[in-house]
Amino acid sequence: MALTATAPVKVLIVEDNAMDASLLQVTLNRAHSDPAEFVSTGTLGEARGLLERERFDIVLLDLSLPDSQGLDTFSRLQIHAPETPIILLTGQDDEALGLEAVRAGAQEYVVKGTLNGKILWRVISYAIERNSLRRSLRENEQRYKLLLGAVTDYLYNAKVEEGRVVSTAHGYACVKVTGYLSREFDRDPNLWYRMVHEEDRPLVLHQAEQILAGQARPLEHRLIHKDGSIRWVRHTPVLRMDEMHRVIGYDGLISDITERKQAEEALQNAVADLLQSQEALKTAHLHLMQAEKMEAVGRMAAGIAHEVKNPLQILLTSLDYFSRRLSSEQDKDFDEVLNEMRKAGQRADAIINGLLDFTHTETLDLKTQDINGLIQSALAMVRHNLSFNHVVLQTELATGLPPVALDGLKIEQLFINLFNNAIDAMPHGGALTVKSRIEQLTQTHRDQGSRQPGRFYAGDTVAIVEVEDSGGGIPPEALHKVFEPFFTTKITGKGTGLGLAIAKRTVDLHGGLIEIGNRPQGGAICRLMFNIQK
Amino acid sequence: MSNDLNGGIVLDERSGPAVGFGTTDRTEMKKIKVLIVDDEVAFTNILKKTLELNERYEVCVENHPRLAVVTAREFVPDIVILDVVMPGVDGGEVQAQFKADEVLKDIPIIFLTALVQHQGVLDGSTYVGKPVGADELIGAIEEHFSA
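Residue numbers (my numbering), protein chains in the order written: chain S, 1 to 534; chain R, 1 to 147.
Excised from the complex, chain S in its bound form:
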């Protein structure tokens, strides 16, 4: 084909013997009427340079060159022009070498000195044609491979006899989707089932039963590729029936839908993320509303406190007046009644103060504090109360607790309240146990009954304080209400019902956690958790 083209055939002659080279050129020119272009060089180095710069239709190569000898000459040149056909020029004594070179990829060899111009042209033209055919074959092969690589579906068919699959045949792309060759399925009759993802096997079995029963429905499931990766496939079976409507076989299309599934999963994750942030937004909104409500209640409480405290002042001063006037009478009943009245007034005042503390939108005065130190000073404040109620104190305070950022005054007051609560729970004496420790959490903790996400996550390092009493414990039905304002289990007049509500607010402000429960051995336990700064 190259010879019929109008473009001149471009021939590179690599021959160190100048006489041989020009003889070759003359012989070829004489035997050929169409124009041909010749370039000659005597060394391999130069030939390589020429091949890199220009395109030649054919190379005529002498294997014995000053800079290269033997078969080496061929292979070293071919690397530089893999697409160009090479014909070897050999001496009469080394035809064997020529044969060897042909095996290594040379198009042909001719023995120098026996050259007939016409024959040589024929050899050249065949070499060019063969080369061109080989190239287009290679290109086709590559295109086919690319095409096969892009196929992610394969067909298979199954032959059924008496309700049983007796043979199957799998399409070529099967190896692409599953990693297994068709013959591997032939050899191992259970492979089709074993390669299915364990969790999806019941579904696949069910589908197989349905198919044999004459009902073909597509199914999406996972399978484990031979390389161990998980693939999603869609299996669409089509039934073949005989005239009696018996299943005699089925064809199936297996489509690799892994990418689609991954995209679906990504979408689902994105939607879940969105929902989560929406939920977080809702929680934040609730918190804001709660904060606004607290502020309004706080303003109202302050107003009410002022208005109630003034009349209380009148009552208390009046009582003081009476008690001063009457105590000289030595009437014990009067003193008793007056005392009760005074206590009632003080109680009303305590409730108002508690309400103010509770609703006060507080800011914290955070400083690094030694938790054990705060526990000790709070214990000092309740020491009298302890001995008065015959309560024994037990402490298990961890040494080397790292300092924690806390509002010292508020936390100390919190401890005092918790200790007094515990003491109040043991009217007949008992044991107050106070423990502190540092702990790495193994699970995420959430506020009891809170909509908020947990403040403490598995892996966090936290300081924990536990206050335990050996009293009667908290009735189970009351456990979820202990932090509600005005909820108290104490006898009327003993508590304001605000102590734990304030405790919870204080701990919340610190970003900590407070939990209350009953001990298995009896009595209640209050656990506080504070984050330790990294």
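Wrong hints could be hidden among the right ones.
[To be verified] Derived EDC-like pairs: lysine to aspartate or glutamate, alpha-carbon spacing no greater than 20 Å straight-line:
| # | chain 1 | residue 1 | chain 2 | residue 2 |
| --- | --- | --- | --- | --- |
| 1 | S | Lys343 | R | Asp90 |
| 2 | S | Lys112 | S | Asp16 |
| 3 | S | Lys343 | R | Asp101 |
| 4 | S | Lys481 | S | Asp460 |
| 5 | S | Lys176 | S | Asp94 |
| 6 | R | Lys33 | R | Asp135 |
[To be verified] From the derived model, a few chain S residues whose C-beta atoms are all more than 12 Å from chain R:
| # | residue |
| --- | --- |
| 7 | Ala31 |
| 8 | Thr152 |
| 9 | Arg183 |
| 10 | Val297 |
| 11 | Asp349 |
Bear in mind the hints are in silico, worked out from the structure with no lab data behind them.
None of these values were measured; they are calculated from a predicted model.
Note that CB positions come from ideal geometry on N, CA and C, so glycine has one too.
Start from chain S and add chain R according to the hints.
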């Protein structure tokens, strides 16, 4: 406000009256003249009666804060018990008027108010929260006259 007072000095709780009644020792001493400025008429009346059960105190009541300075000039108290939230003129303004007055400027003032929950000292003034018992109030007064 109560928060500001948290760090303030908390006066000792008195277990009984700081000053006894009618003891000959006390009556021989010079009386302490107490001016109460508070718009709550019932309270001032009863507080006056209560304090005056102790002969150590001579009490004058002024229910109109605007007239506080005039009354004080006339009565010349040793100490003033001053409400904070009052109609027209509040306790802070009354205090300013006292400070601006040559004669009254050094008279100690105890603020008695429902605005604070704890007793304490703020900017050099004693604050006592309502409601307060007579013993506690007397304690706060006597703080200024102890040797």
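Going down the list of hints, with the structure as the test:
1. Distance hint between S/Lys343 and R/Asp90 is unfulfilled; the C-alpha atoms sit about 31 Å from each other, more than 20 Å.
2. Note on S/Lys112 and S/Asp16: the hinted pairing holds, with a Cα-Cα distance of about 13 Å set against a maximum of 20 Å.
3. Of the pairs offered as hints, the one joining S/Lys343 and R/Asp101 is violated, with about 42 Å between alpha carbons and a cut-off of 20 Å exceeded.
4. For the hint pairing S/Lys481 with S/Asp460, the CA-to-CA distance comes to about 28 Å; that exceeds 20 Å, so the pair is violated.
5. The hinted pair formed by S/Lys176 and S/Asp94 fails the criterion: a straight-line CA distance of about 49 Å is larger than 20 Å.
6. At most 20 Å may separate the alpha-carbon atoms for a hinted pair to count; R/Lys33 and R/Asp135 meet this at roughly 17 Å.
7. With a least beta-carbon separation of about 116 Å from chain R, S/Ala31 lies farther than 12 Å from that chain, consistent with its non-interface assignment.
8. Under the 12 Å C-beta cut-off, the non-interface status given to S/Thr152 relative to chain R holds; the minimum distance is some 70 Å.
9. With a minimum CB-CB distance of about 85 Å to chain R, S/Arg183 clears the 12 Å threshold, and the non-interface call stands.
10. With a minimum CB-CB distance of about 17 Å to chain R, S/Val297 clears the 12 Å threshold, and the non-interface call stands.
11. A Cβ of chain R approaches the Cβ of S/Asp349 within 12 Å, the least distance being about 6 Å, so the stated non-interface status is violated.
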